[in-house]
Each structure stands twice: as C-alpha cells, then as structure tokens.
Amino acid sequence: MLSCTRCLAMSQAYPLGERPHWSSFWKRDKSYPSVRPGHPVEAVNRRLRKSTREWQRYHGFGNSAMSQGLAKEIPDWEYADGTPGTASMSNYHFLYYKNKLLFQIIKSAALVEQRLAEGTMPKIPGTRSSRDWDPQIPLFLEDSDDCGQHAPPNAIALDLSEISDLKMKRMPLILDNRKRHMTRESLVPRVPTLTRAMKEDWKPSPSLR
4 MLSCTRCLAM SQAYPLGERP HWSSFWKRDK SYPSVRPGHP VEAVNRRLRK STREWQRYHG
64 FGNSAMSQGL AKEIPDWEYA DGTPGTASMS NYHFLYYKNK LLFQIIKSAA LVEQRLAEGT
124 MPKIPGTRSS RDWDPQIPLF LEDSDDCGQH APPNAIALDL SEISDLKMKR MPLILDNRKR
184 HMTRESLVPR VPTLTRAMKE DWKPSPSLR
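Everything in the sequence shown is counted per the numbering used here, starting at 4 for the first residue and increasing by one.
Accuracy of the hints is not assured; some may be wrong.
[What the hints assert, rightly or not] In silico DSS-like links for lysine-lysine, alpha-carbon gap of 30 Å or less:
id: 1; residue 1: K103; residue 2: K75
id: 2; residue 1: K53; residue 2: K103
id: 3; residue 1: K110; residue 2: K53
[Claimed, not checked] Now the in silico label distances, taken between C-beta atoms and shown as ranges:
id: 4; residue 1: E76; residue 2: S54; range: 22 to 30 Å
id: 5; residue 1: V115; residue 2: S54; range: 22 to 30 Å
id: 6; residue 1: D84; residue 2: Y61; range: 33 to 41 Å
id: 7; residue 1: N66; residue 2: K110; range: 16 to 24 Å
id: 8; residue 1: G122; residue 2: E165; range: 29 to 37 Å
id: 9; residue 1: R52; residue 2: A83; range: 45 to 53 Å
id: 10; residue 1: K101; residue 2: E57; range: 19 to 27 Å
id: 11; residue 1: K110; residue 2: I159; range: 39 to 47 Å
id: 12; residue 1: S93; residue 2: Y61; range: 22 to 30 Å
id: 13; residue 1: G65; residue 2: A113; range: 20 to 28 Å
id: 14; residue 1: R60; residue 2: T86; range: 24 to 32 Å
Source of the hints: derived by calculation from the structure; they are not laboratory data.
Glycine residues also receive a C-beta, built at the ideal position from the N, C-alpha and C atoms.
Taking the hints into account, I'd like the entire structure generated from these sequences.
Structure, rendered in structure tokens:
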C-alpha cells in the first residue's frame, strides 16, 4: 500500500513523464569511457593450448586417479563367481600412473622419430645428464647439448690452453680443430737446417782455436 501511494505521489508531482533532477545522477555519462571492453573477453583470454588436465580428459584418463579409464574400469580382483572385489586405492593409482607413463613414452618416441627424420638427433649422447644416466658412455667425450652442439668454451680456459700450446710448441687448440683436414704445423719458426755446402764452408772462429 505504501509503494502504491508513493507511485501515485510521484506521478502527481511530476506529470507528463518528467523526472526529478536527482534522477539523472544514476544515468551513465556517454562521454566517459565504459568499464567493459569493446571486444569480447573470451577472444582475449582464449587459451591456445590445452592444459595437463584437459589432455588427460582428452585421452580418457580423467582429472585425477580412479576417475576414468582403465584404472576405473578394471577392478583389483574379483570373486570366483565374477563379482568384482573391493576397491584398492594402491592398484588404482598404479594403473593410472602406468597409463600416464605409457602416454609419455609414446610421445617421446614420436619426438625421437621426428628428430631422426629431420636429422637433428645428436650422434654422440655426450650430455652430462645422459652420462650420469648411462655408465657405458665413455668419460672422455666432450659435453654437448641436446642438438649435438658443443657448449661455448670458457674464455679463461681458451687463453690458458693457447699459452700452454705455445709453451709446448704445439698448434693451438682452435686452429687444430678448424684445420683438421690440413697437416699439423707448429707456429714456432723452424731452425734452418745446415746444408752440405754450409758445412764445407764453415770454419771455426779464432776464439775457438
């Protein structure tokens, strides 16, 4: 009853659709920029890749263990009449992570086949991680990255190797590696050899007599 009386009073005070001056306070000013963006938010926040859980749902593993897939369908054991046994959480988790590990192995094998087709597989697995994993890899191999490229050498180590090579009268390591197809020649100037004519013309100095 109170609301009807209030509406009647407003219609009598402001006839012909007029509104009080304070009613425009709630209207939004068109000149002020809107809070909402002019483009849809879904197009901005769209993810261009699937998350781990989405891939698990895509391959039928579910969000977590024991929710979907073989771990949910195959029971731990059953009675002689075929009645499935009680739920074993350890077996469910084992089957779930076994399926997940199998998917990772298939994915890594596909990556290896792709790299073999592209020719980017390292010829010698000389990485430090692979050497720690496989003790059959000899230790004298130089470290290389996943693409088979050697790691950038240290400047101090290069300087020390050059100094030691010059002292030992050998070719520096960099030139030796770059000119492996050429004959090895020392950078130290050779001592001229004495010919037979030089030996015949040689006479001892008076100080030596």
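* Where does the structure disagree with the numbered hints, that is, which hint numbers, in rising order? -> Hint check: nothing fails, all pass.
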